[in-house]
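Got chain Z sorted already, so can you dock chain W onto it with the hints?
Chain order of the listed sequences is Z and W. Our numbering numbers the first residue of the first sequence as 46 and each following residue consecutively. Our numbering numbers the first residue of the second sequence as 5 and each following residue consecutively.
Note that these hints are calculated values from the structure, not bench results. As the structure is a computational prediction, the values presented were derived from the model and not from experiment. Among the hints, a few may not be true.
To be verified - Derived list of chain W stretches under chain Z, where covered just means 3 residues or more per stretch with a C-beta under 8 Å from a C-beta of chain Z:
{"#": "1", "region": "301-313"}
{"#": "2", "region": "339-353"}
{"#": "3", "region": "455-469"}
Unchecked claim - Capping the alpha-carbon separation at 20 Å, the derived lysine to aspartate or glutamate pairs in EDC-like fashion look like this:
{"#": "4", "chain 1": "W", "residue 1": "Lys102", "chain 2": "W", "residue 2": "Glu265"}
{"#": "5", "chain 1": "W", "residue 1": "Lys102", "chain 2": "Z", "residue 2": "Glu69"}
{"#": "6", "chain 1": "W", "residue 1": "Lys101", "chain 2": "Z", "residue 2": "Glu104"}
{"#": "7", "chain 1": "W", "residue 1": "Lys222", "chain 2": "Z", "residue 2": "Asp101"}
{"#": "8", "chain 1": "Z", "residue 1": "Lys107", "chain 2": "W", "residue 2": "Asp110"}
{"#": "9", "chain 1": "Z", "residue 1": "Lys47", "chain 2": "W", "residue 2": "Glu265"}
{"#": "10", "chain 1": "Z", "residue 1": "Lys48", "chain 2": "Z", "residue 2": "Asp101"}
For every residue, glycine included, the Cβ atom is placed at its ideal position computed from N, Cα and C.
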Amino acid sequence: MKKIIVLLSIIPAIGSLSVVNRVEPYIFGLPFIIFWAAAWLILTSICLYISSVIFDRQEENK
Amino acid sequence: MNSSILIIIMTLVLAFYLGIRAKKGREMKLDEWAVGGRSFGSLIMFVLMAGEMFSTFVFLGASGAAYRMGGPTIYIFCALTYIVPFWILPPIWRYAKKHNVLTQSDFFTKKYNSKSLGLLVAVIGVLSMIPYIVLQLKGFQIIVSEASYGLIPPTVAVWIGMLCVTVFVYVSGIHGSAWTAVLKDILILVVILFMGIYLPIHYFGGIQPMFETLEATKPGFLLLPDEGLSISWYISLCLIIALGQYMWPHCFGASLSSQNESALRRNSAILPLYQIILVFILFIGFTAVLQIPNLQGGDTDLALFKIAKDAFPPWIVGVVGAAGMLAALVPCSMLILTAATILSKNIYKAVKPDTSNEQLAKLTRIFVPIVSLVSLIFTFYGGNTMIALLTMAYSFVLQLFPPLAFSLLKRNPVSKAGASVGMILGVVLVAYFTLAEATMATLFPKAPHFIQDLDIGIVAITLNLIVMLAVSAFTRKDQQTIQEEEPVKRIIIS
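Isolated chain Z, as found in the complex (with noise of 0.2 Å):
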């Protein structure tokens, strides 16, 4: 369990500092950049609250 807790947080992590430098395609009406940016604050977001309710479910367990 702590294995896909530490992954669902490298994922998000490697996935927010990196850059897709271009404005091809759009979108949503976003240029590509200001997409992939925006897309791993919803990512991270989802990532983090499955990785909270497993934390939940171990202290529960205890």
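Here is chain W on its own, set in the frame of chain Z:
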């Protein structure tokens, strides 16, 4: 008196009303006044923490940055800023609860079993917060003078701002801030979404057409350039912000006021979603680049107001101003309250340990206007170096990260001497680099570009880390034996 300034005044009155109401029926002890007595559930916690990040810098500074820098502004919503607290806040909270620690300085004192280290951390905290408060006052100044359409001159506006904030701290304390923060966040959310969507449609017929026009008018403006604001610059700045964010004494303190650690994790999970609003702020800045192209230097921070005045009637400008005013008021009152608390509880008491809690509470109230006044003076002399000052402040608090991170390990290899020397060196380096206007490029003129573009804060924290570990290797770790003492009994404050 025009409708825009009237709306701002009405909002201010409402904020004060909320503050007074929140305080009513509560007896304010020192803990309660500053930390809310570790009683905040996840919703209020969330609002408080998000509220501190949504300050004037985001409202005016982010749109200004988009105007000035273009695409590289994406660093302001780097999600890494929320992954770091997800991991470090729960263990900090757990330790703080076990040892009844209420402030950042006490945390260091306890962890390293050294009062002088706690004092050092307190001093670095206050030093870093002053420029941050100055920035909020500057924002207040811009908002009030712009929204009054020149009726209120900037110098008067900044005095009004300072007085409002000071009085607000007195009437509300942390509970008032929480409720006003709710009002502020709703207003900001509405204003930014509305402006971010409406402006591109109004001028260009949509968001994508706005970007296409921008790309055609200023090719490459939306991308990170090969040199300067390059990818290595981006990564270094994101790291500094992510590691530094929760080293701010007020952010650190707000985390300690959480009811449980689960709330802290969930907050870190939800906060990135909240930052999506920053994307819309970029739209405002980008629209302004095309519509009001001639702002220079410090004036770029006016981008949001200039475009609002161009597109909207005065009453909407008033609503925008009200949102901006709250974005300055709430974080600023939190900052001043935290700085005053540190000055009395962590600095004065460290020097004079026999001060009673009642005297400390009194002292905190006396320090509030002093902090405000000092910040006000810097507002007049700060000039155009605001961004430089803020970067300096961020790099200052960043220096607290290495000793904090190591103290969370089961076996901390860092000694108090190592931690102190490292932090002092880091802070001195940052101050020197800022005053000498040194950058990686001036320090290493022959280095490749990806190194030259790194933010200078990285050098300071790296040297801090190296020196800290080196000194620690040669000094006895006397705190390690004492660390596992029995939990300190709660001092009963009557």
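Outcome of the hint check:
1. 301-313: violated (count 0)
2. 339-353: Check failed, 0 qualifying residues.
3. 455-469: Result for this restraint: violated, n = 0.
4. Lys102/W <-> Glu265/W: holds (13 Å)
5. Lys102/W <-> Glu69/Z: violated (53 Å)
6. Lys101/W <-> Glu104/Z: The given pair, whose Cα atoms are some 17 Å apart, holds under the 20 Å limit.
7. Lys222/W <-> Asp101/Z: violated (49 Å)
8. Lys107/Z <-> Asp110/W: violated (30 Å)
9. Lys47/Z <-> Glu265/W: holds (17 Å)
10. Lys48/Z <-> Asp101/Z: With a Cα-Cα distance of about 16 Å, the restraint between Lys48/Z and Asp101/Z holds, given a limit of 20 Å.
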